[in-house]
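There are 2 protein chains.
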Amino acid sequence: MAEYIAPLQRLIDEFRRLPGIGGKTAVRLAFSVVSGSEEAAESFSEAILRAKREIKTCRRCCNMSEGDLCPVCSDLDRDGGIVCVVEDARDVMAMERVRDYRGTYHVLGGALSPMNGIGPDSLHIKELLARLEDEEIREVILATNPTVEGEATAMYLARLLAPFSVKVTRLAYGIPVGGDLEYADEVTLHRAMTGRQTID
Amino acid sequence: MAEYIAPLQRLIDEFRRLPGIGGKTAVRLAFSVVSGSEEAAESFSEAILRAKREIKTCRRCCNMSEGDLCPVCSDLDRDGGIVCVVEDARDVMAMERVRDYRGTYHVLGGALSPMNGIGPDSLHIKELLARLEDEEIREVILATNPTVEGEATAMYLARLLAPFSVKVTRLAYGIPVGGDLEYADEVTLHRAMTGRQTID
Chain F
223 MAEYIAPLQR LIDEFRRLPG IGGKTAVRLA FSVVSGSEEA AESFSEAILR AKREIKTCRR
283 CCNMSEGDLC PVCSDLDRDG GIVCVVEDAR DVMAMERVRD YRGTYHVLGG ALSPMNGIGP
343 DSLHIKELLA RLEDEEIREV ILATNPTVEG EATAMYLARL LAPFSVKVTR LAYGIPVGGD
403 LEYADEVTLH RAMTGRQTID
Chain Y
223 MAEYIAPLQR LIDEFRRLPG IGGKTAVRLA FSVVSGSEEA AESFSEAILR AKREIKTCRR
283 CCNMSEGDLC PVCSDLDRDG GIVCVVEDAR DVMAMERVRD YRGTYHVLGG ALSPMNGIGP
343 DSLHIKELLA RLEDEEIREV ILATNPTVEG EATAMYLARL LAPFSVKVTR LAYGIPVGGD
403 LEYADEVTLH RAMTGRQTID
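Respectively, the protein sequence lines represent chains F and Y. Residues in the first sequence are numbered from 223 upward in steps of one, following the numbering used here. Residues in the second sequence are numbered from 223 upward in steps of one, following the numbering used here.
It is possible that some hints are incorrect.
Copies of one chain are not kept apart here, so a pair can be met inside one copy or by any two copies together.
[Unchecked claim] The calculated EDC-like cross-link candidates involving lysine to aspartate or glutamate, where the alpha carbons are at most 16 Å apart (straight line), are:
#, residue 1, residue 2
1, Lys348, Glu371
2, Lys348, Glu318
3, Lys246, Asp235
4, Lys278, Glu260
5, Lys348, Glu225
6, Lys246, Asp313
7, Lys348, Glu268
8, Lys278, Glu373
9, Lys389, Asp301
10, Lys348, Glu309
11, Lys389, Glu264
12, Lys246, Asp301
Don't read these hints as lab results, they were simulated from the structure.
Please model the complete structure; the sequences and the hints are all you need to start from.
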């Protein structure tokens, strides 16, 4: 033998397809599923199918949603005048954990990356422009990631939004709270210096 | 919100149940399933069900098996006179990768651990004793893990097998090949010393 029996190998291969799961981890996970109860395997299997089938895209902000509108968009207490533009649904969750943002979101579904064939048409940019036409938006916060792609996307959007009478802002860069100056990279330190604020 | 929508949260919870998968990893894996294609999700879901349903226990050695007998037990070229006793099916795979062992196995399904309520009855020990009665076994190699539980299990089995006219051996302990004396722990070094062999 020296090979796993077919149904086990297939499950190992499925686990390996997941991001950050290497060969040994895939084997450990597959064995754990096989050693568990039949109910546990059925529940896991069903959760995968249901998550894939029941999660849709919010008609307004392109966030993940069970219904036509995502929980943020269907919350009437949120301020529709402010739109925070993020790369993906995980970023919405990160912002929501802060709890003091009461505006809405717009999920791009990624960042511009011409090298990987991701141009403006691959992102939910036209949906954002449509919202600027239809809704009364006062401010667009560009909250893409502080990476090369995220930056390029923010710059692209800033230029695209210039003709609209809307305030366009970007998240502040600086040293992370609890971080150590000594370990901050030069670019971050430079941004922290140029973005310095008066203490009143 | 600040909580994931229900089908996503359920999938995250399922991933978190797997060994060694923490909160952040579970979120990453769940998002990856949801972002993937419907076919990928179906294939993953089905692989889990099939692995659980199609993998049985070998009637003879208690190894994982698709059929009544596992690939090793159904291989007529294997020497049925030698039985290598291991804790679980993963250990069979590890031994098989060495490629020079041509005997059979016996999978205990764990190691004795009274603290966790795992006594001799929880392991496939009576199946091993039945094999000693029914088959012509010359040697039993105790290849449980070199942990406290594995050691205790090996000692327990050695005592249990004493009345049978069978040679009982244990895997050699020593410094791992490619290892460094400096980094070997005291117990391993002590075992390597006491188990030292004449060079001829």
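Of the hints given before, which are not true for this structure? 1, 2, 5, 7, 8, 11, 12
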